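There are 2 protein chains.
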Amino acid sequence: MELLHNIIENKFTLGVIGIGRVGLPFGVSFAQKGVNVVGFDINEEIIRKVNSGQAPFFEVGLQDYMNEVSRTKKFTATNDHSLLQNVDVVIITVGTPLNTHMVPDYSQLFSALDKIVQYPISNKLIIIRSTSSPGTLESIVKPYIERKTNLKAGEDFFLAACPERIAGGKCIEELHGLPEIIGGISENCSRLTAEVFRKLNPNKKIFFTTPKSAELAKLFANVYRYVNFALANEFGLIAEEHGEDAHEIIKIVNEDYNRGKIPLPGLTGGPCLSKDGYFLTQHMPFPEFIHMASQLNENIPHHVISKLKKELAKENKTLVQCKVAVLGLAYKSGIDDTRLSPAVKLVDVLNGERCEVVTYDPYVNPSSGSLNDVVKDVDAIIIATNHPEFKILPTVLNGMTSNPIVIDCWRMFDGKELKGKYIAFGKGK
Amino acid sequence: MELLHNIIENKFTLGVIGIGRVGLPFGVSFAQKGVNVVGFDINEEIIRKVNSGQAPFFEVGLQDYMNEVSRTKKFTATNDHSLLQNVDVVIITVGTPLNTHMVPDYSQLFSALDKIVQYPISNKLIIIRSTSSPGTLESIVKPYIERKTNLKAGEDFFLAACPERIAGGKCIEELHGLPEIIGGISENCSRLTAEVFRKLNPNKKIFFTTPKSAELAKLFANVYRYVNFALANEFGLIAEEHGEDAHEIIKIVNEDYNRGKIPLPGLTGGPCLSKDGYFLTQHMPFPEFIHMASQLNENIPHHVISKLKKELAKENKTLVQCKVAVLGLAYKSGIDDTRLSPAVKLVDVLNGERCEVVTYDPYVNPSSGSLNDVVKDVDAIIIATNHPEFKILPTVLNGMTSNPIVIDCWRMFDGKELKGKYIAFGKGK
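These protein sequence lines are chains A and B, in that order.
The first sequence maps to residues 401 to 829 in this note's numbering.
The second sequence maps to residues 401 to 829 in this note's numbering.
Please keep in mind that the hints were generated in silico from the structure rather than gathered at the bench.
It is possible that part of the hints are untrue.
Chain copies aren't distinguished; within one or between two, either way the pair holds.
[To be verified] BS3-like mimics (lysine-lysine), calculated; alpha carbons at most 25 angstroms apart, straight line:
{"no.": "1", "residue 1": "Lys-599", "residue 2": "Lys-411"}
{"no.": "2", "residue 1": "Lys-745", "residue 2": "Lys-776"}
{"no.": "3", "residue 1": "Lys-604", "residue 2": "Lys-651"}
{"no.": "4", "residue 1": "Lys-604", "residue 2": "Lys-661"}
{"no.": "5", "residue 1": "Lys-552", "residue 2": "Lys-816"}
{"no.": "6", "residue 1": "Lys-829", "residue 2": "Lys-542"}
{"no.": "7", "residue 1": "Lys-651", "residue 2": "Lys-605"}
{"no.": "8", "residue 1": "Lys-552", "residue 2": "Lys-542"}
{"no.": "9", "residue 1": "Lys-449", "residue 2": "Lys-829"}
{"no.": "10", "residue 1": "Lys-651", "residue 2": "Lys-661"}
{"no.": "11", "residue 1": "Lys-745", "residue 2": "Lys-709"}
{"no.": "12", "residue 1": "Lys-661", "residue 2": "Lys-570"}
{"no.": "13", "residue 1": "Lys-821", "residue 2": "Lys-604"}
{"no.": "14", "residue 1": "Lys-605", "residue 2": "Lys-710"}
Computed from a predicted structure; not experimentally measured.
Next comes chain A alone, as it looks inside the complex:
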């Protein structure tokens, strides 16, 4: 195959459709290895920033790579999809969210495909990196492209699923280190895809499987985590009910015990874990099991607020009279991603209660002032994301005259170091 030879010899151009949190670190990492990369997006602001060498969001190591790539000019961002003509390998990294009926919404994926098929695709390789339900590649994407082009996948052009498995905040590191799970429409599709990934790391471990298994693998991995976080939260609720401390119990259980790797309770959400269960539960046996995990995790922000309400009631206050500071908006520690963040949900619920809410997240809004200013006259503080920057809270509170209630969703503190009332999710009296 000529394309195989060209990939091996690095005589090819890689197109990345969607240069968001998956696509940009991906494209830039390839460019950093000397591959010619064109990143496609419809967001002009992102394109402008990226072309001026600026990372449009925070991701560990991304800005360094972008600085390097700015010098070598190996990465270009564009909204001009006619440049797809010049691309030999195209990877689709657009979002596949759920719609309001909790059904996967592939509109961005098919919009990307529609652009791709406007130009000749003979001998080109198309890789789907976006999350999709099992069977999407074989039963929808493949016949869709074939119908639009009158070409045959695996013969005239090449097509593979290779779902992204990286974690926000570790994208660059994991892109190089994690194994890839490749499900090509045919053996040569898989082989070409593997060669592309070997540009990033010649020793990358590669697993070849069917497209459906590749799609399932990604979903199994995320649903496994999501269900385990739900279980940890269940244990948090149970421990509270019994007046005990789930964090302490779980740490004890896990230590020197090879059958125990129970995660700790905390707010669970984010753009992957929250939705991936629904990609699996279509025409599936026992969908309730995964849906229950979702209900449980989605209930935790409400549960935390009801803990706050009970505490306020003891002081004869209601939420509507109060000012509450929410620390953290990102869905997890050390990142600025707020998509499907339980911290944002918490703010929404508080707003619905008509209480005065102030928020503080040094990752999401780096210019949002100091922790000091945010918490100085509030009735309560909710730690919604466990950013390490919040560790100074006890010192900040010690320097103040007020005594806000602190609700710790992450057990960042023991409680003793904080003056005033301390309440932790997963801990009873």
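Model the placement of chain B on the given structure of chain A, informed by the hints.
Showing chain B alone in chain A's frame:
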């Protein structure tokens, strides 16, 4: 405390109430370390066997320990509970099963306590090793003993929860190596209990917590495993639905991926995992989540049989006309314990279908003949327990003229090495 001193100096007698699969390895292990142990039971057959130096069930290393202890005469089994008078420390290891309403049945536990309180318990230590719902020690056992004796726990006598966490087949090894989680009614109760366990291993890691947290810790550990097995089984069902192979997918996901430790599908049950969820779900938020795991796991034997029925239907046969060999009766590999075994459930369901069932388990019935004889004229074989002894099945079948359907609940085989129709749980076409 005199008792503390006596424990440290090994001038004490340990009583173990219930010398079954938990109590016997426990008592014998202490005796092997030179502690005087009296094991109490109501089963005369067990007492006779144990006193003649014979392990009444299979457990790795137990018979060796019993041989040693027979010589030193450090362990005596008895049904004479008046000997409780001579005991300084008594540990209760009786079963706490669920009753038919799925409510914990503590009758054996309270029957043991009733015997204990017939004799003076001043300055004695009572340890509850049986599984119990959170709060049982503090809210039921403690006031029960205090009412019966007019003595005060933590002052006049000592009381602690230290639930067993060992796995069948690894009891002896884990009893020495695993950390203990001790929840005493008071600090001195915990300290005494720790000193007892240090007789087994002076470097044993010991965690001190509240009685409720100790009870919860045991339940969290088992429910965590049970829910994860349910999830693995869910993945098995999903993979089947999509015509893919859950084992292959899960192995790929887990490799070199520190967020993936997904267990493999298989029949899930046994005396601990099956029931422990119900100890937690009393007056608990979201009991459905754990109940769903139970429904899912309990459904797998039915699911496997319906796979067999579909396969037989292709040959125009129904179960009632067939002879089926079930390989394995124990609830997991390498042991002879059939309590709440899904393999036994499978046999029950087959019997209910009025098919002819033959069973074979070299651990449960060591004298049950050869695999060859069992499978020679059957229509189907179900591998219900993954005992390593079944690995010879392909060779056995190759030597036969018949071609039974093989249903593999554990993916012991790839399928290609077996002649005839091979069907695996968790694997589609």
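So, going through the hints one by one against the coordinates:
1. Lys-599 to Lys-411: Only inside one copy: Lys-599 and Lys-411 sit 12 angstroms apart there, 70 angstroms across copies, limit 25 angstroms.
2. Lys-745 to Lys-776: The answer is within: 23 angstroms in one copy meets 25 angstroms, while 63 angstroms across copies does not.
3. Lys-604 to Lys-651: So Lys-604 and Lys-651 pass the 25 angstroms test across copies only (17 angstroms; inside, 34 angstroms).
4. Lys-604 to Lys-661: For Lys-604 and Lys-661, only the inter-copy Cα distance (20 angstroms) is at most 25 angstroms; the intra-copy one is 27 angstroms.
5. Lys-552 to Lys-816: neither (67 angstroms within a copy, 32 angstroms between copies)
6. Lys-829 to Lys-542: For Lys-829 and Lys-542, only the inter-copy Cα distance (21 angstroms) is at most 25 angstroms; the intra-copy one is 57 angstroms.
7. Lys-651 to Lys-605: Between copies, since 13 angstroms is at most 25 angstroms while 33 angstroms is not.
8. Lys-552 to Lys-542: within (9 angstroms within a copy, 75 angstroms between copies)
9. Lys-449 to Lys-829: Classified as neither; 50 angstroms inside a copy, 49 angstroms across copies.
10. Lys-651 to Lys-661: The answer is both: 9 angstroms in one copy and 18 angstroms across copies each meet 25 angstroms.
11. Lys-745 to Lys-709: within (17 angstroms within a copy, 48 angstroms between copies)
12. Lys-661 to Lys-570: So Lys-661 and Lys-570 pass the 25 angstroms test inside a copy (21 angstroms) and across (19 angstroms) alike.
13. Lys-821 to Lys-604: Neither: 51 angstroms inside a copy, 37 angstroms across copies.
14. Lys-605 to Lys-710: neither (52 angstroms within a copy, 39 angstroms between copies)
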